[in-house]
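*Asks:* One line per chain: the protein sequences are E and V, in this order. Going letter by letter, the first sequence gives residues 1 to 622 in the UniProt record's numbering. Going letter by letter, the second sequence gives residues 1 to 336 in the UniProt record's numbering.
It is worth saying that the hints were derived from the structure and are not from the lab. Since this is a predicted model, take the numbers as computed values, not measurements. Glycine residues also receive a C-beta, built at the ideal position from the N, C-alpha and C atoms. Just to be clear, a hint being listed does not mean it is correct.
Chain E residues, not near chain V, derived (Cβ > 10 Å throughout) [what the hints assert, rightly or not]: (1) A201; (2) P219; (3) S426; (4) C586; (5) S605.
A few chain E residues facing chain V, derived, Cβ under 7 Å [as the list claims (entries may be wrong)]: (6) F64; (7) I120; (8) T125; (9) N234; (10) L235; (11) Y236; (12) D237; (13) G257; (14) G319; (15) P377; (16) M440.
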Amino acid sequence: MRGVRTRLPAMLLVGLVLAAVIVLVAVAGPILWQARADALTGDIRQGPSGAHWLGTDALGRDVFWRTVVATRSTIEMAVAATAIAAALGTFLGAMIVSAGPAVRTLGDRVIDLLLSFPPIIIALTFTAILSPGRASVVGAIGLAFCPQFARLTNRLALSVQERDYVTVARLLGVGRFRVVTRHVVPNIAPPLLVLTSVGFATSVVTVSGLSFLGLSVQPPSYDWGSLLASGLRNLYDNPGEAFGPAAAILVTGLAAGLVGDGLVRHMDPRGTSRPHRAVRRSADPPTAGDASRAGGAAPVASVRDLSIRRPDGRELVHGISLTVDAGEIVGIVGESGSGKSLTALALARLLPRELEWSAAHLNVNGVDLADPAKAPPARLATELGIVFQDPSSSFNPALRIGTQLTEVLRVHAKMSRRQAHALAVSRLAETRVSSPELRMRQYPHELSGGMRQRAMIAAAMLPEPKLIIADEPTTALDVTVQADVLRLLKQINTTHGTAILLISHDIGVVSSLCDRICVMYAGRVVEELSVEDLRRRDVRHPYTRALLAASPDTASERDGARLVPLPGRAPAAEDQGPGCSFAPRCPLAVPVCTEIVPPLVAEPSGNAVACHVETAAAEVRS
Amino acid sequence: MATTAAGAPAVRRGLARRVAGSPWAGYLARRLGGVVAVLAFLIVVTFMIVRWVPGDPARQIVGLTAGEEQVRQVRERLGLTEPLWRQFGTYLRGLAHGDLGTSFTTGQPVSSMLSQRLPLTVELAMSALVIVLVVAIPLGTAVGVAQQRGRARVATSSFGVGASVIGAMPEYIAGTVLVYVFALTLRWLPVQGGSGPTAMILPALSIAIAPAAVLTRLVRNETAAVLSQDYITMAMSKRLSNTRLLLRHVVPNVVTSTLTLGGLILVALLGGTVVAENVFNMPGAGAEIVHAIVRRDYPEVQGIILVLGLVAVLINLIVDVTLGLLDPRVLTGARS
């Protein structure tokens, strides 16, 4: 099963201790204190006092000791009812699963049907049949809760049955019953245990409830429910008479609930983690250089010294700089975990809240994003379009495509419904979405994956942004659709002059579409080069070379279709050494590589590379 | 689940065609089929209540001291002397005419007893339902958002514990506490009986408190889940105001996922009325069923269970239709 932690959660511990105390009181109560509980005194309906902690009832009996003694009766009934529900429910559920398909369907339906009625009404029905009394209430509650156990067993067993070891046991000729008892039951026991403790809490409440209604124990016997009923009648004279049994029922329910919740946490460590608090540092004020640059041929987007940190302080992106000029298509390529998507999200100001970031300069189309107060939402929404990776999860499932497409226009461009609709339809047509009018009325799940991604591109295009950030726009798509979507992006770039920042792990995709490419590795830009140089394989950094050699699109031409996989894997943020992060995988590494991070050095061609060996070689050449 | 006519891609005109081509046709047909099955089940079970009584139900009714003649008369009145299938036929014919038999204790027709008592029960359940929804959806969303944004940490982390404790409080304890605080100590509201909206407040609250806590916690969890979805990142890229982001993109999804899981909580409110009517001495169907069970008034028990079951079926149907309206994916079974 899942990783079980050795330390018990505090919740479970408290619950278990409480439960132990309750069981102890249930066992010892009637033996030790029966006489005190039944002693009649002349002090009738007295409030709480030193002699009677919770006062006395209508016959002058001590409420506290009656509550204590009643523990056994209630706990016995609840245990019996839970046992019936668990045993019968689990058995039925398992039998339904192991039966043939017809019985299974019928059984599922019957369980669904029983679950759609309130348990107390089922319990009342059985009580009516069996006639009121202690035993019949136990049976009735057991039967009322058994569908829940049957349903859980059924679901769990089905999921277990599809696993390999059960199939293997079947193939080995193990009998049906034996498969259930030996292979299925042990694997579904923990969730059932949780349900049992929750079911016990509900049983205590329901047992007491039916008794409260006068359908269970009959005088002179008593339990918490009947004590509470009598307490309600004397509520004005002695509130303590109701308080005792009410508190007992609540504490018992709480103990069982704590055990149940504690078991859940104990078995599933993920349940306890909470997102870290977001800490955001404001960036340095822009320098004079940035301001002067913004005046002339301003880039559509520029970022300088962008660092992104996890809440624990580990840096994921180490001070990278990047510019995208008007009408340019820039690609960021790298393995997963290289920080390329984080960079894009930071540029769009959409980083998850728990990540902390800082930048000397972050500017999209003249909007200063380093200071959120200064970034007007309308300009951000209309001047920056984003194409997300997975079109199947990025559209809101509850809203029509049309609503989602026109939202930015309606909210930020203040367009009328009709205008926005017409524009959206024409954009859908432009992105080659078939029957655009129909798509506008449809919900995301009614579109195919490729269609959704085209609709997403149309959505990004709608407010005529200066820049589109496309984060792995083709990764979630079929190969046949991928080329189509890339062509579409290229077409948008040429016809509208929209700059595109394309994030991809696929160097083939990037080289087919982009003008300029940034290669990222472990949170740093290691090489920046023009697409011509990339296509000519005139690359400097050993990592870029390795990427080319490992990609089928780019390797086949010269290496005779021999793909060279890159050995090792990119380092995680926590095991990065002091030097170049690629050094451990680098065939050219020299001692200095593991000691000093190589700076990104610009070459006369406009390209740049961050590699000690390459920079030294270039110096020798010049 | 396959659907009948969901995949008609062509644009169609005309109401009749649209209805036939609408995914609603298949969805409603399946749901109504389910309702019919549940009704049949209810009718059979209520019919069998008397027949399943261990021993001789007539003897149980009249008691051990009564004479054989009296037992025979009661057996006849219960219609137990005929063969089972003929008894069932009589039962069905009666149901078709709205005849649910006659009460043993009052001699009144069960149907007229129900028409007097059921409105109160339904009103009580509806009041409780309104309280639950009005509390759970806004509060749960607010806590979920606050938690996800790391705000008010103490409040959000103690919320879970508070909700578990309140959620475990049964109606009869909640009712007792409410009576003590608001009726006996503060004297703001009537203790028991009375009429008008003030008499409804405490009973409805006593039913609603625990389910409201449970549902609030569910809404909080669903809100947190929705907020971490990709489509919320996409919506955030539209730089909408917080209100618009919440109302337009978060709440509809929270409501659908909450209803899917929380429909049973709403049905359970109906069970709560049985208890609350007894705590507050209200003359509803829930109070009567307890008396009927104690007095072994089988025709009344039959009638009340049948009608309460019917209401439960209706609530389920309403939840299903609401889900279909809010999330079209459930119509075609695209959402599991």
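*Asks:* Taking the hints in turn, state whether each one holds.
*Replies:* Going down the list of hints, with the structure as the test:
no., hint, verdict
1, A201, "6 Å, violated"
2, P219, "13 Å, holds"
3, S426, "18 Å, holds"
4, C586, "35 Å, holds"
5, S605, "35 Å, holds"
6, F64, "17 Å, violated"
7, I120, "4 Å, holds"
8, T125, "5 Å, holds"
9, N234, "11 Å, violated"
10, L235, "6 Å, holds"
11, Y236, "6 Å, holds"
12, D237, "10 Å, violated"
13, G257, "6 Å, holds"
14, G319, "25 Å, violated"
15, P377, "4 Å, holds"
16, M440, "11 Å, violated"
Consistency with the previously given hints fails for numbers 1, 6, 9, 12, 14 and 16, ordered from lowest to highest.
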